[in-house]
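Using the hints provided, position chain B relative to the given structure of chain A.
Sequence lines, in order, name chains A and B.
Going by numbering that gives the first Met the number 0, the first residue of the first sequence is number 0, and it counts up by one from there.
Going by numbering that gives the first Met the number 0, the first residue of the second sequence is number 0, and it counts up by one from there.
All the pointers check out, no bait thrown in.
Here are the simulated DMTMM-like pairs of lysine to aspartate or glutamate, each with C-alpha atoms no more than 20 Å apart in a straight line:
| no. | chain 1 | residue 1 | chain 2 | residue 2 |
| --- | --- | --- | --- | --- |
| 1 | B | K453 | B | E473 |
| 2 | A | K86 | B | E491 |
| 3 | A | K76 | A | D250 |
| 4 | B | K391 | A | E373 |
| 5 | A | K391 | B | D370 |
| 6 | B | K515 | A | E513 |
| 7 | A | K485 | B | D50 |
| 8 | A | K515 | B | D50 |
| 9 | B | K86 | A | E491 |
| 10 | A | K391 | B | E373 |
| 11 | B | K485 | A | D50 |
| 12 | A | K391 | B | D357 |
| 13 | A | K504 | B | D13 |
| 14 | A | K391 | B | E374 |
| 15 | A | K515 | B | E513 |
| 16 | B | K504 | A | D13 |
| 17 | B | K391 | A | D357 |
| 18 | B | K391 | A | E374 |
| 19 | B | K515 | A | D50 |
| 20 | B | K391 | A | D370 |
By construction, these hints were calculated from the structure, which means they are not laboratory data.
Quantities reported herein were computed from a predicted structural model and do not represent experimental measurements.
2 protein chains.
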Amino acid sequence: MKCAFLQINATVGDITANAGRIAEGVREAAGQGADLCLTPELALVGYPPRDLLLYPAFAARAEEAALRLAGEIAPLKTALVLGTIGKNISGRGKALHNQALFIAGGAIRARYSKRLLPTYDVFDEARYFEPGSAPCVVDCKGLRVALTVCEDIWNDSAFWSHPAYALDPLEDHPPFDLLINISASPFTVGKQALRQNMLATLARKHAAPVLYANLTGGNDDLVFDGRSQHMTPEGLSSRARGFAEDLLVVDVAAPSSSIAEDDFTPEAEIWNALTLGLRDYCRKTGRAAALLGLSGGVDSSLVAALACEALGKEQVLGLLMPSPYSSGHSLADAARLAANLGLATTTLPIEPLMRAYDAALAPAFAGRAPDAAEENLQARIRGNLLMAFSNKFGRLLLTTGNKSEISVGYCTIYGDMCGALAVIGDLYKTEVFRLCRWLNRRRGEVIPDNVLRKPPSAELRPGQTDQDSLPPYEELDALLVDMLEKRRGVGELVASGHNPEIVRKVAELVQAAEFKRRLAAPVLKITGDAFGLGWRMPIACRQAYIL
Amino acid sequence: MKCAFLQINATVGDITANAGRIAEGVREAAGQGADLCLTPELALVGYPPRDLLLYPAFAARAEEAALRLAGEIAPLKTALVLGTIGKNISGRGKALHNQALFIAGGAIRARYSKRLLPTYDVFDEARYFEPGSAPCVVDCKGLRVALTVCEDIWNDSAFWSHPAYALDPLEDHPPFDLLINISASPFTVGKQALRQNMLATLARKHAAPVLYANLTGGNDDLVFDGRSQHMTPEGLSSRARGFAEDLLVVDVAAPSSSIAEDDFTPEAEIWNALTLGLRDYCRKTGRAAALLGLSGGVDSSLVAALACEALGKEQVLGLLMPSPYSSGHSLADAARLAANLGLATTTLPIEPLMRAYDAALAPAFAGRAPDAAEENLQARIRGNLLMAFSNKFGRLLLTTGNKSEISVGYCTIYGDMCGALAVIGDLYKTEVFRLCRWLNRRRGEVIPDNVLRKPPSAELRPGQTDQDSLPPYEELDALLVDMLEKRRGVGELVASGHNPEIVRKVAELVQAAEFKRRLAAPVLKITGDAFGLGWRMPIACRQAYIL
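Next up, chain A with everything else stripped away, as it sits in the complex (with noise of 0.2 Å):
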């Protein structure tokens, strides 16, 4: 039997393209001979359509979308898999399933409901969905073919040490020759090892080949990295590409090693997970060209590499504001930085401003010293620059803060926070560094070497560097990974080694930003946990780090 993975780009509520495109995928399979075709999860809907699923119209749509897409692809005689929601007709508990369906000649064959619904981290599937109670084996050219979705497969008790749910799925199925699964899994640094494993333990023990069909693309916040790909109980035999869309078509009986040429070293995977990330917020939103603020730091230089990547250089725009603080490199390095990239400047010098906020405020503010009040209008200052340009000209604006910053709030509310994306939102410090080397490395000097040789600075008062109110980011970073990540608490971060005094320093500060990180712009995630819609923190409570 030959089974074509449709790895789409969907675009989350636009139910019509999304037919489109699985319609145009499944007749190009059936071209090549395919029995049955596959779409990830929710695939018709895109995913994560968060609360539009509470529309009833909106499943109502994807229902009549779903049904005339069976009419549509029924001449060509290959079945498909539909990932798509469906109604709860039990009368009791969430209005919509999560489901596969299995469409053949030109009618709805069987609908599976997915089991396992994750709520953790980014995920709200409970928020929505009501779990089915019940597999589903479906006949496909005589063979018995289980049909699973995403989390399903995900709670092997021979496999976790501590599964996330009371139930496995696979634990008392029905036999089957065949194990589908239609997945939406976001990518994360180091996943594609796991998953890999993880599926190759599946095919092992129930001795039958897996076909697990992921999404591609960004949505929001999420970066989707396809790799569908094709198990057979004796290993790998076929993989789609990582971070593309792609059309995969395999033979289960007779499995043959197309593996897509992919790079698992952790910044081309970081790197080509934010570039599809930025590139499709901007294609979804409706926007083209994107502007940036380039201060000659490591993070905006990042960034606009990144852009330029993602949306061509003639798409990005460069913002140069200095200060009267600003060191004289500022200026050299994002020059050089923008001739590196090729990418469009123009410098909007703040010092007029400036004055005009101090002459404003200096009847108000008479006989106390300049403090973080004039610090941040400095930010905010550029922040209205920025966002005059991003009105006037239809830019995204994007925003440059780093992992570490944002964790200690290392940054400024409605100044340098302003933006539609936090690109590297999910990197810290030192990784950023990591990734401009690489690129480097990779390409030739694209980050000017001064960039990543002076000391970081936010250059809001004269001699400022980062270090003056933070730890050596080394340290800083090391720890918040352990505080933020691997969840310790201060007492056991001091038992494993940390500095009690600087525990205790960054826990505060970790605190008091939460405010700013309830405000900040959506972070492309690319680890397990990122800021954003994954991190759910009070604001107002106290004691939150000091356990």
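Coordinates of chain B only, in the frame set by chain A:
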């Protein structure tokens, strides 16, 4: 048997203080002869603790505190039902349960785990908790006492036409003489009548009294209204205060009518909810004083009145920031409001700053007509000035946008959207007017009459009014209720009598404003459909509302 409701205002994460507050309540109740004390749901850790629950040390701290509390109250001869978290020891599923502990004689005698986990709107309980699988009846003074937690009693298939869960924990429940429900049920307008109805139905159905112990206080966007109650099969016996802490002792065997005075007028409820929410947000984030921009419009006037009520007029500062487009009445109306409230103000004209930006941007913007870029700059200059005051004087900035504006994006991000809390962000414009008129009826002129009479205007260009770009607010708000709360698609909206052209335009505005809403300050929630954590829409999507 005498039971005491410990209706406390817990702070999220502040386990030590919450435990202290509970111990104090138990002592006081014991002094009044209570045999059993009831805290609200999760009272020990505060509600909602959100991702603090993902820190194992947090659960460990809570457990220590519960054990300490058990020891501390042992000499008092009163039992305690304590709302807290407990470890899931099954080895599968989520790490925690949401529990009601039965504490007596210095030890934890029983642990009931909540069985229905609300996962909709602002609630994410399935993210953190494994549901319990068994009922729990304890013996207290010879009575069979059933323990339940909040949602557990909200799924009676006789009361609800579409039960939200497949399971009803009260179906086939072992017999009991008394039903206890500890809750953290946030206020929404009109909910109290539903609650009371539902409790009365339960008491009659099970022929047993119900003790309903609810939380009070504000936590971020949520306001809890207390109103703990003793419901008997014959009807309401006692009810604690609304929007305030209370300690109410009732005799289960001899119901007496001890019903705290309360005001269920919708406007009074909203006023009480917003002042409590605002006060607690300030207190729990450690700010005593607040700040807001006064435009002379109805929104900022109402927020000023609410802030004076919540914090005391001495703690509130109004900034008047007129531009050349401000009408004469703006300053006069703001001054009159300030006089009515006894509020201090500072005036900072923004024209010099507008000119400074125009000059800075002139080379880049040459030959282009003024548009939204310049209008937004005015709002952003004001935002910067307000934030400069907030930073310099440590005052919490209040944002004054209403739900109509936030819905259609009639507000400037990084401008008038600056602020730590959207006090009236869950009130439509027409409701803002209604609340102002109610206030004036109760207290004489607080909001100047002219503010309520003049046509609403953002005053960002000469002679502008809101109705230049928006349908009349009566029409807009009715449409928004149908679109956002009743979740009707465009087809249904038109079918139900809304103007097709306006429906389509507003649907597009609502979708386009999604990004701004994602970056908006927390909105004090007073309806079932507030923006904020309970509103989870994708940004980069298509045809979202064009259903």
